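Given next are the chains, with one letter for each unit.
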Amino acid sequence: MAVTANKRADQVVYGVLLALAVAVPALNLGVGESSALHVSTYTMTLVGKYLCYALLALSVDLVWGFGGILSLGHGAFFALGGYAMGMHLMRQIGTRGVYGNAELPDFMVFLNWKELPWTWYGFDSFPFAMLMVVLVPGLLAFVFGWFAFRSRVTGVYLSIITQALTYALLLAFFRNEMGFGGNNGLTDFKDILGYDLQADSTRATLFVLSVLALAGGYAGCRALIDSKFGRVLVAVRDAENRARFIGYRVENYKLWAWTFSAMLAGVAGALYVPQVGIINPGEFSPLNSIELVIWVAVGGRGTLYGALLGAFVVNFAKTFFTGALPELWLFVLGAVFVLVTLLIPQGIAGYFNREARA
Amino acid sequence: MNAPRTPVSAPTWWDEFTTAGSSPNTAAARLHQGNILYIENVTVSFDGFRALNELTLYIETGELRCIIGPNGAGKSTMMDVITGKTRPDRGQAWFGSQLNLLKMSEPEIAEAGIGRKFQKPTVFEHLPVFTNLELAMRAPKGVWRSLVARLSGEARDRIEEILVLVGLAEQRDMRAGALSHGQKQWLEIGMLLMQEPQLLLIDEPVAGMTHQETERTAELLVALAGQRSVVVVEHDMEFVRSIAKRVTVLHEGSVLAEGSMAQVQDDPRVRQVYLGA
Amino acid sequence: MSLPYAFRLLRSLAMLLALLCAARIALAETELPLAALQGLDFKAKAAAISAIADSGSPRAEAILNALTDGRLMLRKSDQRFVIIAAAEDPATLTDALDGSALGSEPLAGLKKIVINNQLRLQLRAELARMQLANPDPHARRAAVEALAADPTPAVIASLVEAAPKEQDEDVARAMQVVIGLAQIGDADPAKRLEGVQAVTGSMLGEVHNRLTQLVARNPAGEPLEPSMDVRIAAGAALRAIDQRRARYELIQTVFFGLSLGFVLVLAATGLAITFGVMGVINMAHGEMMMLGAYTTYVVQQALPNHIEASIFIAIPAAFLVAGLVGIVIERGIVRFLYGRPLETLLATFGVSLFLQQVVRSIFSPLNRAVATPQWMSGQLMVGDALALTWNRLYIIIFSALVFAALLALLRFTALGLQVRAVSQNRAMARAMGVRAGWVDALTFGLGSGVAGLAGVALSQLTNVGPNLGQSYIIDSFMVVVFGGVGNLWGTLVAGLSLGIANKFLEPFAGAVLAKILVLVFIILFIQKWPRGLFPQRGRSAEA
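Protein chains in written order, with our numbering: chain A, 1092 to 1449; chain B, 86 to 362; chain C, 557 to 1099.
Same shape as in the complex, but just chain A:
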């Protein structure tokens, strides 16, 4: 029965995450670089990045796998969370920038701006920035979803509109006038809460935080899916009209799942930025958003662990190919899109589930 299978999978997920949280920082900080067991900071950061991607994939799986809403714009929420974090980190640079301006980030000095735009107010406070990490993507998702779901925009229409959303944001964030660093985005971060971002210990802490966020997100999604809310969400996916004629306000269910998902994506973005050290408008590119959909498709949508699996598998492959055979990567990615949808529409998890059932 599916519930027990999920239980087992959950135990594996938590087990792996726990092992990662303990082993990786320990092998990075505790074992000398000469040792064969040493995990380099590069590797740790890379896995940390994957963890953020996994959380992002989870958020997509929630709305797509369970709610049937295929978002081609979830990268936007990720990027907005990332920008909120990036803005805080920029404010922490203080006088250590190239221009040494205590009030303004370098790029604003460069643009001859005289004062901080209102959009940046409050971001020097860490709690405020953390609030914005969830609030900004959440609010955008809420407003967007409020309009879209109420007017019953569904299916491919909704998908393309979400793509247009992230595309519009991409164009907007490229503009210097927006005051978010334009083309170059935000980078050259120094420290977070006083801890040096280049230090191994800070990196290890961020890594552990990413594991915790992913585990927390996973547990949250699991609770949501197992509640009646989750069952209604699936019901809406399967037969929206039936759900409506039974008396469910379908748009509200979609809206809250969507908003929650966007907030998760924002958190993923916020954890991502201090680890990779940069956030730029490229994160808004429609390609990014559609790529993360394919992580979920590869792993298996409609199963929470599938999203995690897909994020790790595809990104590992991407790291490998872009390093070893960069010309080939887009061919591989294109082929993955086609083959997964044609041959294993339920993804790796679905494939093995079917094998197990047979």
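Everything labelled a hint here was simulated from the structure, so no lab data went into it. Small disclaimer: the values here were computed from a predicted structure and weren't measured. Worth double-checking, as some hints may not be accurate.
Which residues of chain A face chain C? A partial, calculated answer using Cβ under 8 Å [what the hints assert, rightly or not]:
1) 1184
2) 1422
3) 1425
In the DSSO-like style, the derived pairs of lysine-lysine whose C-alpha atoms are separated by at most 27 Å in a straight line are [stated by the list, open to error]:
4) C:1084 to B:170
5) A:1205 to A:1281
6) B:188 to C:1084
7) B:188 to B:170
8) C:747 to C:721
9) A:1140 to A:1409
10) A:1319 to A:1098
11) A:1319 to B:170
12) C:599 to C:632
13) C:667 to C:599
14) A:1319 to B:205
15) A:1140 to A:1281
For every residue, glycine included, the Cβ atom is placed at its ideal position computed from N, Cα and C.
Add chains B and C to chain A, keeping to what the hints say.
Below, chains B and C without anything else, positioned relative to chain A:
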């Protein structure tokens, strides 16, 4: 006028189905209870084509009404109007004397007590049969309630009863998508019953059913009438004859004839529509 | 033929040639005082220029033009005056006097004939004056307008003389304007007023400048022009010019919007066909446009000597290439995914990545420029200040033709009937004997082929690169959504209005913001009208 809702407790609720003969489905009672559904001068057009043309129709409380008519007569469109799916260009639609259906959304209409079964059986394919019924149950349907909702023992019992009633007790943990066509029809009727509606709109309930299943459906529908009002749209004349007390014939979006099955069948206009000139 | 005879013939030919040359040089030398151009005596040069201009020699214009551009040279080896084709080393030479080709010569072997600014002004005036005698009225008019920049008294005198004799109305009017411009500089206010009245209505840039000077004020706020009548007349004339300019700008914007809109329409009709008929979003649709554009590029590369005609080969070739690729995609992938639109979206997106990388591998990731045929470049002048570029005009015509052909195809052919049948009710069409699979493949091919044609059009507007399609797919989809699925007229109206809206917003908001605004508008629009401008209503649309 709205009939007062009967407080639900499992045993009496079960009786409603089994004691069809004793339910107050008499002319006097009907007169007393009045109409539950008023449709007046409703017109719906699609691209110049009039699906409904000044349709006027009243359904009495507790009545079992069959609606027949050739393809394109406007039967499904009429149901769409009643359930809020389609907004008419003109006309009125009232549920009881208080509720203006044209001002309500689908979920509001459903909560007010109108249940609908689609022409094509529509169930939640990836959820177990039991969950299908659970979700349909008359209960608060808000988002925040759904996050903390727990199934009470009483509710569980009711679901089990309906499972027995629709003959799906053995399939309770099966995914609904794996059911046969006829079973899906029954599951959908079961979901309708879980909603405890006062008015049931049932679109082609016996399509794709075996003879036996059809007979059971007929029994169930007859049993339902009385406490609830039932409107059945059906093509199968044999089936209509077996359950109908009053029949309405739709043609080109308006009522062509209304009366008992025998009256309707003798009506020359009906004959012409069905058999040609 | 015996050898001695041939030899004799050759010899007599050579003699004849020598004689001819000698005669020619003698003739030219007497008429054109080129020698006076040498050296640094600018007075002598000025006189020589006038003499050349007045000579009536057929070479005069070429020589003066070359002198203006600094292409008139003296060959050191034989002191012959030559004209070089362009400033390159070694330069290709033609004889200044007879225009015959003289092969090439290193720049070091040539001496440039130098002129100063004063001579340059004189040259322009002389050239324009010569043009006044040109039989072509367009050339005459252009010459007159060129004179407006520097109306020397001599020029004006010649114009005053020529104006009454001028047959062509437009040219005569232009002459009056230039004469009027000169009068504006007169000390007599009555003359100035006359001048203002003469130039009123002209759209010449110079007229606007002079009128602006007339209404200007000094820093103390006092008018520079003492006569109030002149000021009033100038103000009125200026307003008239500004109004007309605004009108022209409006037409220009609409024109630009229309051409963008028509490209959008072409791009979107393909998408609308596949989406309307099959309910399938082909995310590789943009790449079909890219293929069309690259086909144009390849055809041009294959026919380097026939750029003018290559476009006519490129059009069917692009249609076929994109169409065939479309059919392959449909048969290989899409047909397994019917009824699963979201999956189709993902799979075709994979195809688009694939195709982009293929193009990157073959043609490099850099943009390629597609040459514009001569007959498509340049501008169409409407009136005196409205310039419409030919390439955009042709794109509008081309797109409109394709659109009309498509409508006709869907309405009047058997395939069209079947396509419409399948789009309305797949199962029923199949039951009636329509081979739905075959129709799907052809429809997909047709939609892709039209995208290929859009690519041809696009290649005339921008450079061709692997990302060409990506930037259009969202716009195309917006057009389809805005217009209403399954309605080609809706696509037309939506494409054109979005194109025009884009171009109208650009001056105020900038290109990027304009795009964002349009996107936001559509997002809001489909909240209210989810089925677009021209919704398909009825039961089939409910499914």
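Verification of the hints:
1. 1184: Since chain C brings no Cβ nearer than about 28 Å to residue 1184 (chain A), farther than 8 Å, the hint is violated.
2. 1422: holds (5 Å)
3. 1425: With a minimum Cβ separation of about 3 Å from chain C (threshold 8 Å), the hint on residue 1425 (chain A) holds.
4. C:1084 to B:170: Holds - the C-alpha atoms of residue 170 (chain B) and residue 1084 (chain C) are around 16 Å apart, at most 27 Å.
5. A:1205 to A:1281: holds (23 Å)
6. B:188 to C:1084: It holds: about 18 Å lies between the C-alpha atoms, which stays within 27 Å.
7. B:188 to B:170: holds (11 Å)
8. C:747 to C:721: Answer holds: residue 747 (chain C) to residue 721 (chain C) is near 23 Å, not above 27 Å.
9. A:1140 to A:1409: Roughly 13 Å between the alpha carbons, so the hint for residue 1140 (chain A) and residue 1409 (chain A) holds.
10. A:1319 to A:1098: holds (18 Å)
11. A:1319 to B:170: Holds. Residue 1319 (chain A) to residue 170 (chain B) sits at ~25 Å (cutoff 27 Å).
12. C:599 to C:632: holds (24 Å)
13. C:667 to C:599: Holds, because 20 Å separates the two Cα atoms, which is no more than 27 Å.
14. A:1319 to B:205: holds (26 Å)
15. A:1140 to A:1281: holds (19 Å)
The structure shown violates just one earlier hint, number 1.
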